[in-house]
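Combine both chains into one complex, guided by the hints.
Top to bottom, those sequences are chains R and F. Using the numbering used here, the first residue of the first sequence is number 1, and each one after it goes up by one. Using the numbering used here, the first residue of the second sequence is number 1, and each one after it goes up by one.
Below are the EDC-like pairs computed for lysine to aspartate or glutamate, each with C-alpha atoms no more than 20 angstroms apart in a straight line:
#1 K191/F with D178/F
#2 K191/F with E214/F
#3 K191/F with D135/F
#4 K191/F with E179/F
#5 K30/R with E114/F
#6 K30/R with D109/F
Worth flagging that the hints you see were computed from the coordinates, not collected in a lab.
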Amino acid sequence: MRGLPAAARDVADAVAAFRIWLMLAHTDVKQRYRRSVLGPFWITLSAVVSIIALALVYTQIFKVPTAEYLVFLTTGFIAWLYLSSLVMESCSVFIGAEGIIRQVNLPLGIHVFRMVWRNLIILAHNLVIVFLVLFYMGVGMSWATLLFFPAVILISLGAVALGYLLGGLCTRYRDIPPIVGSLVQVMFYVTPVIWPPKLLAGNEHLLTFNPFYYFLELLRAPLMGEAPAADVWIISITLVVAFALAATAFMGRYRWRVAYWI
Amino acid sequence: MGHILARDICVDFPIFTNSSRSMKNIVLRATTGGRIARNAANASCVRSLDHLSFEVRAGERIGLTGHNGSGKTTLLRTLCGVYAPTAGRLLVTGRVVSLLDINLGMDPDGTGYENIMMRGIVMGLTPRQVTARVDDIAGFTDLGEYLSMPIRTYSSGMQMRLAFAVSTSVDADVLLMDEWLSVGDAEFQEKAAQRLSAMLDRTPILVIATHSTELVSKTCTRVIQLEHGRILSDTTVDKPGVLPQ
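If we strip away everything but chain F, and leave its shape as in the complex, we get (with noise of 0.2 angstroms):
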């Protein structure tokens, strides 16, 4: 299971200025036949994705590179239902988890535990799913005692590892990640790669935002780089390694 059809998707945003968003102005120019406020109407619009084509098929691990501002982390959103297309049609089959924002579903004065529980159950897991991969979870966080307490008390890191914990116990066809494993230290980060490809052995489709070459070479079967939000170039990857160990 995992598919991924993208014909001629484009992705616009309205800039909306003060005047535009304001009701006033709607207000004004209605009354004034469109003489004051005019401007209200030209919202323009910033085309984020141009027209991509693309289609991923299962045991791809596909590379988004790109500069900021190219469309990766649109392009991830768009891929996980977040925007729909304003043109062109796109189809994703399969469950699609991703794993965006590390503070998704966390709130900082609920304790360790709880946090487990809440943002397993916003990424869609049911509360009986969720107990039972808590041992799993607490141990691969390290954190002992501290999953009782408050996690306004951790390190960044420490929110991070449990926040990596719980996203990578769910089981996905189509994993879209934005980069944010530079977390950690290297200890941590080194568990985290095995705890990561372990992930991707079960899932089919992986499609992750990157900056580092390493990680592209290591992992990815296919490089789609992307400039001004169009495919620069799509590339099949020769001798796709593990995760970095």
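Okay, chain R solo, but in the shape it has when bound (with noise of 0.2 angstroms):
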């Protein structure tokens, strides 16, 4: 079977196969952190050392209120850090599970939503840090940030496409993984992670090719509690159609070639 039917049948399959996904991404999460006391909040632990080391530093340089850029920050690191885990991540969805595709006809989903369902698991810890600082820095809640999750569903949809795509061509390419790696971190660089995009002043136009911003602003503005522009989810939702149009087209073509190139 080849063409749209195999990819179609493909995600079809992995999602009726929920429960080997599921099952697999709480054991990468648990297997990670076994035998320390603190379990998978080591994540947690470490992005909060991150935010404090930069916030301390960066408040000084771009002189702006610590309350302010520490509500900025926050929020912005952690969603970049769900961001470039998916981007990462997405590259060894299937050399890493080598054992499991050379021995059982699984749908190659499964190892898709494995890694989407991880990360999502690991935000949902990190998420804990956010609400505190949220909390702390008297920053309320609005309508607007329920938005976050209808911008995390978005997210992750756009994952499980590049997860197919990126996944099968880092199998067949063993040159990609460190290529993606090094751009996602330039782009940790580029995008307005940890320096507010009005310091761009005038230059705004470095931001319009950069597909992390409109990613990181969705996924930004709700827990700051402003709704992300319009733009900004136009943009978001075009790149995930075009994700999940790429990845149909290769799974289409090479998903019974996968277990060749492992």
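Given below as structure tokens:
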């Protein structure tokens, strides 16, 4: 079976096999932190340390009020952690599941869903910090905060498509994971994670072609109690649809080859 | 239920050298009009299965024999759907269960009970079905208290017992096995043989890759000998016995 039916079938079968990927994702999270006291909250703790260190230095560099900057940094940093791990872990979804792929005929999607679900669990841990900071800094919640949920869903759907696409490409071409790794690192500096976009003053076009910017805004704005701008929504949705189309085309053609490439 | 029909199936593995796997060479090739890194396109292939045709009906017990590298494991993986044939037509009907790797779906840091659940789910059971089988599985392994400890602390024989017990509690129409029964002490071997024959009684088709002539003569109704990915001989065994007791 090739083409669109092959790709659609894989996604449908993977969704139906939800028990497998839910279990594998939970095991992933547990496994990383077995025999440690804090468990998965180590992830959260390391984010807290980074945020405090960055906040101490950058409030001085940017000369911005601490409270305002702390809220900006925390929301952006946590959102960035989610986005960057989705992209980087997309590369290894199939390579890392070699044992399963070569032994049983399961939909490839379970490995993709496993990766996305694992990162959602980690995001949920990290959100604790966000809410503590927001509460402590007295940032009120508004109806716009609820937009965080559709934003996370949209980005997670995009991540599923990207996982299929990048996962497959990286299995075939083993040079891609390091390339993606370096790109993501560069994007951290050129995306307004730690620096407020208003500092660009007149050079906002530098953000126009940065996909990370739109996804970051989509997650950050609701957390700060604001609704993301309409163009942020439109471009994000367009990007997700583009990922989905590319992934469908790729998987339709090469789904059956992935086991051979591993 | 259970039927296998293979018509001229081939499986070719692309051999990616470092140069053909690398993006750099593809870019280089594109930008230099193919003069540099020309070899990147010639990813060579190894033909693991070469125009195999056979049919297996319910009730048959196939023994796959042949030297290392003759294509036994590849054929098993093709039958279970891991590799789609690069040419030819393969039709497998019924629920296929493959026991190829004993470590499938095992988490070394998980307890025995957690691993029973994990492997069971990866093999296609629902949590409820696994729970219903836990006592049977635990009883067979004889691991007792150890089942509450991480399987990292098990000996390889103990891990094997656990994996075997879970795998053999799944019902299948087509059972594919790579010979991996030669682990464990004599007592376990005997128990395993009994459990396996009980499982085989409810399994219409068995395909087992093996080097053991004893196993073949006692279990199989038909022997397919492979060499270089081709069928060297396909013979029906006259008097199939039962598994070694």
